[in-house]
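There are 2 protein chains.
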Amino acid sequence: MQKEMLEMNSFHRCVKKGERLHNGAEDCIGLLLVLSGRLRVFTVSDEGKEITLYRLLDRDICLFSASCIMASIQFDVAVEAECDTEMMQISAAIYQKIMRESAAVANYTNELMAMRFSEVMWLMEQVLYKKMDARLAAYLLEEFSYAETETIHMTHEEIARQLGSAREVISRMLKYFMTENLISVSRGKITLLDAEAMRRMAADSMR
Amino acid sequence: MQKEMLEMNSFHRCVKKGERLHNGAEDCIGLLLVLSGRLRVFTVSDEGKEITLYRLLDRDICLFSASCIMASIQFDVAVEAECDTEMMQISAAIYQKIMRESAAVANYTNELMAMRFSEVMWLMEQVLYKKMDARLAAYLLEEFSYAETETIHMTHEEIARQLGSAREVISRMLKYFMTENLISVSRGKITLLDAEAMRRMAADSMR
Chain A
-12 MQKEMLEMNS FHRCVKKGER LHNGAEDCIG LLLVLSGRLR VFTVSDEGKE
38 ITLYRLLDRD ICLFSASCIM ASIQFDVAVE AECDTEMMQI SAAIYQKIMR
88 ESAAVANYTN ELMAMRFSEV MWLMEQVLYK KMDARLAAYL LEEFSYAETE
138 TIHMTHEEIA RQLGSAREVI SRMLKYFMTE NLISVSRGKI TLLDAEAMRR
188 MAADSMR
Chain B
-12 MQKEMLEMNS FHRCVKKGER LHNGAEDCIG LLLVLSGRLR VFTVSDEGKE
38 ITLYRLLDRD ICLFSASCIM ASIQFDVAVE AECDTEMMQI SAAIYQKIMR
88 ESAAVANYTN ELMAMRFSEV MWLMEQVLYK KMDARLAAYL LEEFSYAETE
138 TIHMTHEEIA RQLGSAREVI SRMLKYFMTE NLISVSRGKI TLLDAEAMRR
188 MAADSMR
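Residue numbers (this note's numbering), protein chains in the order written: chain A, -12 to 194; chain B, -12 to 194.
Chain A extracted, bound-state conformation:
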């Protein structure tokens, strides 16, 4: 019943790479269920500086493009397609109606928000405490430079040891670098993709 109602009030949408789908609180286009492709969710400062908060991949749902469904969401994010992306766009008004009636849908929404909240907290802790993004970027640049190639062979464990960090922290940050298209990582190999962006990452203390 609810499922049918959602389906009836959703439509299939394809967007091209680089297209801005959502821009702050003034628009409330609805929830976006990614079918294929990738969306980037970010904040923009008054000076136009962007910070990527997280990415949405297959089966992920973008909640904040429907931020009008909750009165207490008092912040703006922007959403952009990072490659050609196919999605279902679900009416905010209908979703809100169903969420108000159904504990299951409301709890699901809760979990969705908690997931995004966790990603933002992770990012903030990295930025505030460790400057681990800058440290890892600087470290990798040095290693690439020593190796005199674009590819180095190192395990996450080794990098963690050298930076006095934990393997889990390094793995997650490398994953973040990958989604930022700074490097590619495969079977113990790390390849530099964007030296310029990596140098910016290393130099920018972000504070």
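Source of the hints: derived by calculation from the structure; they are not laboratory data. Small disclaimer: the values here were computed from a predicted structure and weren't measured. Wrong hints could be hidden among the right ones.
Since the list gives no way to pick one copy over another, a pair counts as held whenever it fits inside one copy or between any two copies.
Stated by the list, open to error - DMTMM-like cross-link-like pairs, simulated, lysine to aspartate or glutamate; straight-line CA separation at most 20 Å:
| hint | residue 1 | residue 2 |
| --- | --- | --- |
| 1 | 118 | 63 |
| 2 | -10 | 88 |
| 3 | 3 | 69 |
| 4 | 118 | 37 |
| 5 | 162 | 129 |
| 6 | 4 | -9 |
| 7 | 84 | 98 |
| 8 | 84 | 183 |
| 9 | 3 | 167 |
| 10 | 118 | 155 |
| 11 | 162 | 130 |
| 12 | 84 | 120 |
| 13 | 118 | 129 |
| 14 | 118 | 183 |
| 15 | 3 | 71 |
| 16 | 162 | 13 |
Chain A is already provided as a structure; the job is to place chain B on it using the hints.
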């Protein structure tokens, strides 16, 4: 019915200033409804560095002291009483049960989380985009307002810790504020001299 169930599974609790109520994900003491006083919610880095995320005042509810009610909350916060505080402590298990059954309670929880998320996003934007002069001015104004006087007792060290900065940075900025006649500083006391100019300083950051 739900209200009765919650009341039966809650108890009245008083804590002294400085008491740590909740410490990361390993404990899940339940939701805290503040009746009087003030709770500080903060994160702690591996090195023991603290960042204040937000404060909870009268009628505010602390959700993350019951983070076990949601699987997707993947971050730890600590909660401490900033002054003698009186509260109701509500069982996490009972709240979770009610939240699963009731759309109203689930949606209320959603709004609670969205409120905290908004505060954290605000903080992150301060940290990422704002300059330290504006951040410190905004922080001091808030402290003066909490203290309800023109004089607060805080060391540079404490301020630095709360802002995720270094004591040297804070001392230098306080000195700058003094020379601008915004405040006077003497032996652990900071006195507000020019609230208007201080507010301009805090707002200037938005440029």
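Going through the hints against the structure:
no., hint, verdict
1, 118 / 63, "between (25 Å within a copy, 19 Å between copies)"
2, -10 / 88, "both (13 Å within a copy, 19 Å between copies)"
3, 3 / 69, "within (8 Å within a copy, 51 Å between copies)"
4, 118 / 37, "both (17 Å within a copy, 15 Å between copies)"
5, 162 / 129, "within (19 Å within a copy, 38 Å between copies)"
6, 4 / -9, "neither (30 Å within a copy, 53 Å between copies)"
7, 84 / 98, "both (18 Å within a copy, 15 Å between copies)"
8, 84 / 183, "neither (47 Å within a copy, 45 Å between copies)"
9, 3 / 167, "within (18 Å within a copy, 46 Å between copies)"
10, 118 / 155, "both (16 Å within a copy, 18 Å between copies)"
11, 162 / 130, "within (18 Å within a copy, 39 Å between copies)"
12, 84 / 120, "neither (41 Å within a copy, 40 Å between copies)"
13, 118 / 129, "within (17 Å within a copy, 27 Å between copies)"
14, 118 / 183, "within (19 Å within a copy, 25 Å between copies)"
15, 3 / 71, "within (4 Å within a copy, 56 Å between copies)"
16, 162 / 13, "neither (32 Å within a copy, 26 Å between copies)"
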